[in-house]
Amino acid sequence: MFRKKYDVIIVGGGPAGLAAALAASEKGAGSVLIIERDNTLGGILNQCIHNGFGLHWFKEELSGPEYAGRFAAMLKKTAVEVAVETMVLSIDAAATADGLSVVRCISPDESVSDIEAGAVVLCMGCRERTRGAIAIPGTRPAGVMTAGTAQRYVNIEGYMIGKKVVILGSGDIGLIMARRMTLEGAKVLACVELCPYSNGLNRNIVQCLEDYGIPLYLSHTITGIRGDRRLESVTVSKVEGGVPVPGTEFDIECDTLLLSVGLIPENELTRNAGIEINPATKGPKVYENMMTMTNGIFACGNVVHVHDLVDYVSAEAMRAGAAAAEYAAGKRVAGRQIGVKTGPGVNYTVPCVIRPDNVEKAVDIFFRTNVPRKKSVINVMSGDTKIAAFKRDYMAPGEMEKITVPKVLLAKAGDTLTVSVSDAE
Amino acid sequence: MFDVLIIGCGVTGAAAAYALARYDLRVGIIERFNDVACGATKANSAIMHAGYDPVPGKKEAVLNRRGIKTAAKVCRSLDIEYKKLPSLVVAFNEKDMEKVRELYERGIANGVKVKLLDGDEARKAEPSLSPDVIGALWTNESAIINPWEFATAMAEVAVVNGAVLMLENEVTGIEKNDGYLTVNTDRGSYSASYVINAAGAHSPDICAMVGDTRLKAMPRSGQYYVLDKEEGAKVGSVIFGCPDENGFKGILVAPTVHGNLLVGPTSDPTDDPEDLSTDPAVLSRIKAAGLKMVPGIDYRNVIRQYTGIRPTTNVRDFVIDINPCCDRMIDLASIASPGLSAATAIGEEAVKLLKKAGLELKPNEFFRNSRPPVTRMKDLNRIRRRAIIKKDPAYGRIVCRCETVTEGEIVEAIHRPIPPRSIDAVKRRVGAGLGRCQGGFCSPRVHQILSRELGIPMESICLDKQGSFIITGKTKN
Chain F
2 MFRKKYDVII
12 VGGGPAGLAA
22 ALAASEKGAG
32 SVLIIERDNT
42 LGGILNQCIH
52 NGFGLHWFKE
62 ELSGPEYAGR
72 FAAMLKKTAV
82 EVAVETMVLS
92 IDAAATADGL
102 SVVRCISPDE
112 SVSDIEAGAV
122 VLCMGCRERT
132 RGAIAIPGTR
142 PAGVMTAGTA
152 QRYVNIEGYM
162 IGKKVVILGS
172 GDIGLIMARR
182 MTLEGAKVLA
192 CVELCPYSNG
202 LNRNIVQCLE
212 DYGIPLYLSH
222 TITGIRGDRR
232 LESVTVSKVE
242 GGVPVPGTEF
252 DIECDTLLLS
262 VGLIPENELT
272 RNAGIEINPA
282 TKGPKVYENM
292 MTMTNGIFAC
302 GNVVHVHDLV
312 DYVSAEAMRA
322 GAAAAEYAAG
332 KRVAGRQIGV
342 KTGPGVNYTV
352 PCVIRPDNVE
362 KAVDIFFRTN
372 VPRKKSVINV
382 MSGDTKIAAF
392 KRDYMAPGEM
402 EKITVPKVLL
412 AKAGDTLTVS
422 VSDAE
Chain S
532 MFDVLIIGCG
542 VTGAAAAYAL
552 ARYDLRVGII
562 ERFNDVACGA
572 TKANSAIMHA
582 GYDPVPGKKE
592 AVLNRRGIKT
602 AAKVCRSLDI
612 EYKKLPSLVV
622 AFNEKDMEKV
632 RELYERGIAN
642 GVKVKLLDGD
652 EARKAEPSLS
662 PDVIGALWTN
672 ESAIINPWEF
682 ATAMAEVAVV
692 NGAVLMLENE
702 VTGIEKNDGY
712 LTVNTDRGSY
722 SASYVINAAG
732 AHSPDICAMV
742 GDTRLKAMPR
752 SGQYYVLDKE
762 EGAKVGSVIF
772 GCPDENGFKG
782 ILVAPTVHGN
792 LLVGPTSDPT
802 DDPEDLSTDP
812 AVLSRIKAAG
822 LKMVPGIDYR
832 NVIRQYTGIR
842 PTTNVRDFVI
852 DINPCCDRMI
862 DLASIASPGL
872 SAATAIGEEA
882 VKLLKKAGLE
892 LKPNEFFRNS
902 RPPVTRMKDL
912 NRIRRRAIIK
922 KDPAYGRIVC
932 RCETVTEGEI
942 VEAIHRPIPP
952 RSIDAVKRRV
962 GAGLGRCQGG
972 FCSPRVHQIL
982 SRELGIPMES
992 ICLDKQGSFI
1002 ITGKTKN
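First to last, the protein sequences are chains F and S.
Each position in the first sequence, counted from 1, maps to that position plus 1 in my numbering.
Each position in the second sequence, counted from 1, maps to that position plus 531 in my numbering.
Since the hints were made in silico from the structure, they are not lab data.
All values reported here derive from a predicted model rather than from experimental measurement.
Every residue gets a Cβ at the ideal spot worked out from N, C-alpha and C, and that includes glycine.
Don't take each hint at face value.
Stated by the list, open to error - Selected chain F positions facing chain S (in silico; Cβ < 10 Å):
1) 88
2) 155
3) 158
4) 186
5) 227
6) 245
7) 267
So here's chain S without its partners, still in its complex pose:
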């Protein structure tokens, strides 16, 4: 019996678990995939938005602003890759400028330090911008972040403080009992006094399981290009095009914390939130939009494309409340952009709502706001690296050549509170395979290390989600 059971371990669920770790509670987290941060958290723009976008007064606006402030602190205390970076919304014509001015007004209303720039000022702030840009909104209250690490780190702190993470559990139904709920999954049944619905694109389905049908999933698909570091070095800000006619943020060009360049996303309605395929027509739209803003992008240096699903619903705001049909369930639903930026604030809201719903909150006197340290060899000076290699030579053995990730870092990640169990999970933890050769060299080696460290046969190791087996057996002898 859990005091609180969180459904979904994306950034929202992880932030809720992190916020709850401060209290003396039995917390469980169930996740349908074989790793944390596998839904919208895996595939997004990795931006901490300044907060000029949401309409003032909406939950999105309030929690975006509150979220980026607490997130900066969380990133510092948990050593999460995060970098302050100015952002611009650029205009090419008077119609765009109207939108830019509207965002400026929203920014002021939301308490963001924003500036309006003319074309030359914009190019001075961001020299890669097109000569055709006539004006821009500018702020330096934005940042870029490693979203996988952000979610994983918060979940790790929760686990270190006693939360139980149950992977590969897909919820099939929820039973309302006297004083508690039972959550059934394809793996078993879990009882809890309270449930948090942080199921991302599937949060409307979870609502429906307690009889609440007001939310309709209306997921939107966004495709992206990832380019090599050569391109990432060309851009020093997060550059947005103007929002589209539906009010969704425009296509952006932004460096990542790993030094690559992202161009995307589109925002197209989709019927299937599981469909993460990419489409050439959509990608060529992105290519053109990126080039319009930053003409110097060389798409010959593309290294990957991906698709993310925004868990949007018929409600055009975060839905964060006690469920109307079940007073033991807290919904953290419809968390589309700026969900990553707002995550820590959403987590804190969940605690408040649990209290309101009747959960008794006693401080956890053993709470540790930390996780085991992460060794990032690349960022260390020569003396530090030498000391680490002397203690464990595996930290001197490069496995991923493109990103210079060592065997020591991979082994360390595999023995962390939330072990990565697939090749891609290792990639999300330590960056091995993230580079220009896309794991061509290192994936067979990471595969072996996973098998060795976890004591799992090679045949059972997956590329990414459960069932994505890489090898089919031994060659004939």
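Bound-form chain F, shown alone:
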């Protein structure tokens, strides 16, 4: 039975939710509830049976379920409550007279309930872009699905989804599925990538494609899908300047096309709650402590921006969970606000706003660059004044960047900071 009121409610029990709940509890929140729509905690980690998780956080290589299991075990020692098979339908921020938010959810056991929360942490993660979103032309046979859906069929349900596979997109899930399908006895014929570079982690290119001799077609895309009932073949075209080049088409006979064409933070709940969204990330804008622009509503993990490694999700979620607990206990942050803007070479930043009074020693700024780069400099400017600069030997859009700006330097900044990337001289 739900309580009428919790200090902190966590929406989503994936990696972000698990860490946020743990941190909230450690920070002294007396009552914490995780609301998870699936029938078990762990989120997408449950279907990620490959290893490579936890190198930063646990200093060892774990599988997805193991990584989630570690957090779940830690949570067991706390008073955090978990509601599975429960989906949040709406969030009404600061809706009650005493400023509590109201979370409405639905579940088989508890029916439709309204629960009050001192603070809410959004941890809904992201979803995959679909065929429709990128408008691949052709027929609509079976055998075309997102890599994540395929992963669920193969790893959780134990079903094969095809024998001759083409993968569109070289994002990490696509690469992981290339290896998985190969190990399950399917023939992976090609991985086709629109960009002139891969969007996945370098280690996945090596371990999932190169080790199995799977060709990677960079600057190519799928321009045709054929088959009436089941997929029969796809057309691949070379791409220049984002447009398929006529005359470069070739067909690959296959029965399966897996799409790994990007992830979109899942923010319908956020939008409906009237929380400001950053168009660059499609996730909520956040302060340095992961509070959204709406008081009492925090967010972390892939719902804010798509991360490359789950370890970084956990770290971000720990900060969000701790800050949510403090908020529920009555802590409010006042003082100056510094807006963080994107300059050339930077796609987005998290956070969008920094309140120096709430920074202990230093603030981490996360971002992704727009193209692969060799020796580069990350500049943090306030107007014409350079506040800080960071050198990198290598940068790629597939990997998240982090810079740490000390509090003393923030004191030098005006109302805005601009983060940009340029080639090193």
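Using the hints provided, position chain S relative to the given structure of chain F.
Using the frame of chain F, we list chain S on its own:
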């Protein structure tokens, strides 16, 4: 032996079956696909047209007007998703205005309450319209509808009243016998006193099977974009561009009853009525046409594209008559737009024609004009939802996150008079998988529920039509 055998269970066949359910008859319906409403009914603009489009005097004009009136009643009594929504035909220049005025005249002649608006009045009626619109035809006698549910509900009532639906039966030939017809399919033979040809794009083929070659199929393909609800919320009317030079309705921008936005269709001749592929050049034409009318559409929120086939023929009107070569067959052919709007009236015409052809019609004293109720959790208040979940907790278990469809609603649909048997059929019944993630999350779960409820192995469940298998077997152990 059937009294009446209907070939095709799209909206036309379903409407005929629904109209016949009021009489004491043995009715059979054969359908080549594994579900009802799989042809033109599956992929169209989902509009109930007011009736200013058809040339006055044509069957299209008369039945469009009659159809939308009865359809509104049918939707109310059978609880079919339907929403009154004004429509506009917009003009960008004087040439367009001529067409708009012509449609205005047709509207008046067809008995539609139409108004001519100038640009500012049009934008007042529909604020999303482009500043370049100089005038428009306006009416509030139009509506949007869930075409799948419309057809399925009418077919369900027929089945509840005793009609026999035989899916996965493709007609291969028709034999004329003394006093009856035999319809052969790839699955068997069915005899009937009368046959209704409601075979959509293939109705000319059915005519040819009784020796009537006057109809030539000239199907036209129409492609569409479906956009997320964020876009659907931007538009409050059905907005048409001006008809093209061939007289086919222009590209439209319209919300759907599910809250999405449709942009389309094109109208291009095609040789192959089975070809439902989409084409980038055509889609970019649609994109431009949509933006011209509603500049605020954000195509980054596209969630799907689809192609529909209009069953047009060489006759530019509905062909609704006793077949000239077979007085035991009623043709409901060449039912292109406004076929959905006219469907209920076409069904009633079929009954009249059967009577004219000699069929004795006795009222069915057990007729029930209803179907099992549909639970739509999303539309219910908290108290109602709580009561339903208390009775069956499955109604509290969300399966489709984007459209918040529960397991209870899916199970309920699977046990209805016409059970959906594929993932897409479930989508058409309850909306699971219709949303922005396009079934990415819920399709493996719907797959399991179908397998469990129907007692069919996972490997046998299809994505859509028969043979569209999703999984190829178990992983190696």
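Here is how each hint holds up against the structure:
no.	hint	in the structure
1	88	holds (4 Å)
2	155	holds (6 Å)
3	158	holds (6 Å)
4	186	holds (6 Å)
5	227	holds (8 Å)
6	245	holds (8 Å)
7	267	holds (8 Å)
Hint violations for this structure: none, all hints satisfied.
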